[in-house]
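> Sequence:
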Amino acid sequence: MGKRRNKPKIRVLGHLARSGGTLISRCLGCMRGVILFSEVHPDTMRFISAVRQAIDWHQLVSEGEAGQWKMKGEALFAQLFVLANYRAQQKGGVLLLRDWSHIDYHGLPYQRPTMRPRLVEALSGQFEVLRTMTVRHPIDQYLSLMNLEIMRTGLDGRSVPMPIGTYLEGCLEFAQEAARVGFVRYEDFTRAPDAHLKLLCERLEMEFDPTYVERWAGFEHITGDTTGTRGGREEIRALKRRNNDPGLIEKFRSFESYARIKAILGYEED
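Okay, so the sequence shown: first residue is 15 according to this note's numbering, each after it adds one.
Think of the hints as simulated: they come from the structure by calculation, not from any bench.
All values reported here derive from a predicted model rather than from experimental measurement.
Ideal Cβ positions, reconstructed from N, Cα and C, are used throughout, including at glycine.
Please note: incorrect hints may appear among the correct ones.
As the list claims (entries may be wrong) - Quick list of the computed label-pair ranges, beta carbon to beta carbon:
| hint | residue 1 | residue 2 | range |
| --- | --- | --- | --- |
| 1 | Q140 | G81 | 18 to 26 angstroms |
| 2 | G81 | L169 | 22 to 30 angstroms |
| 3 | K21 | E163 | 38 to 46 angstroms |
| 4 | G81 | S173 | 13 to 21 angstroms |
| 5 | E79 | T180 | 25 to 33 angstroms |
| 6 | E77 | D170 | 26 to 34 angstroms |
Stated by the list, open to error - With a cut-off of at most 30 angstroms between alpha-carbon atoms, the simulated DSS-like pairs for lysine-lysine come out as follows:
| hint | residue 1 | residue 2 |
| --- | --- | --- |
| 7 | K212 | K265 |
| 8 | K254 | K265 |
| 9 | K212 | K23 |
| 10 | K105 | K23 |
| 11 | K21 | K86 |
The whole structure should be built from the sequences, with the hints applied where relevant.
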């Protein structure tokens, strides 16, 4: 029998929406040798195209090559990253995929959540997937999420906002997955960025580049909110808890899932 070849490694960073993912991804994405794909997902390429990022941001695929591909969905997603990873390695770089985890665990208003890591499912046949995640206190994250107009009104401008119970169901599934693969809390990251970036790099088997501090604020190959309303646009500031309405806290406490999420992620305060 022939010797079995090891799969190439690909790195995946997961986080839910409004949990500091854009800031953390900027810091990692601007490190030397890192090639970041931002908020990519096999089921939602019509919203954010990993193919366009490969062409426009990283020049890992040509327009001509992309035009010849006949497959769609998960098959296209896998084919793209097999080629992109090969070419990244030729350049001496490593791919880092920022997973659009919102699609899997909350979904709305784009689609119903599957409660499964679909990106990992799509790529595990071709790659050894190295994963880690980042998280945020569920109430603060919810308040920030509900500040987004698209979450209040949906794609059609008339949808009903996500109920707290539905939101917490997704957060619990995500927290359980995060506990399995390892996570960093956004609040902790803002208080000690270097230490937590080193930890993320260690888990992802990437070299930590301390010179990221010179470039992260100007890094443009990113999706999501880049205004930095909490962490800062030109500096990383320690993240303070929001002043939460006691009535809202009681609503969260009424769900068993809320206490379970806090316990899994190590949050004691409401």
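> Measure nothing beyond the straight line between the CA atoms of K105 and K23; if it is 30 angstroms or shorter, mark the hint as holding.
holds, 16 angstroms
> Is the gap between the beta carbons of E79 and T180 within 25 to 33 angstroms?
violated, 40 angstroms
> Does the Cβ-Cβ separation between G81 and L169 fall within 22 to 30 angstroms?
Given a distance of about 28 angstroms, which is inside 22 to 30 angstroms, the answer is holds.
> Does the Cβ pair G81, S173 satisfy 13 to 21 angstroms?
With Cβ atoms ~35 angstroms apart, the hint is violated.
> Hey, K21 versus K86, does the alpha-carbon distance stay inside 30 angstroms?
holds, 23 angstroms
> Decide if the proposed pair is consistent with the structure: K254 and K265, CA atoms, cutoff 30 angstroms inclusive.
Given pair K254, K265 holds - Cα atoms ~22 angstroms apart, limit 30 angstroms.
> Holds or violated: K212 and K23, Cα atoms, limit 30 angstroms.
holds, 19 angstroms
> Could you tell me whether the CB distance from Q140 to G81 stays inside 18 to 26 angstroms?
Holds - the Cβ-Cβ distance for Q140 and G81, about 22 angstroms, lies within 18 to 26 angstroms.
> Hint check: K212 vs K265, CA-CA at most 30 angstroms. Holds or violated?
violated, 37 angstroms
> Verify the CB-CB distance for E77 and D170 against the hinted window 26 to 34 angstroms.
holds, 33 angstroms
> Using the beta carbons of K21 and E163, state whether their distance is inside 38 to 46 angstroms or not.
Once the Cβ atoms are compared, 41 angstroms apart, the range 38 to 46 angstroms for E163 and K21 holds.
In this structure, the earlier hints numbered 4, 5, 7 are contradicted, and the remaining ones agree with it.
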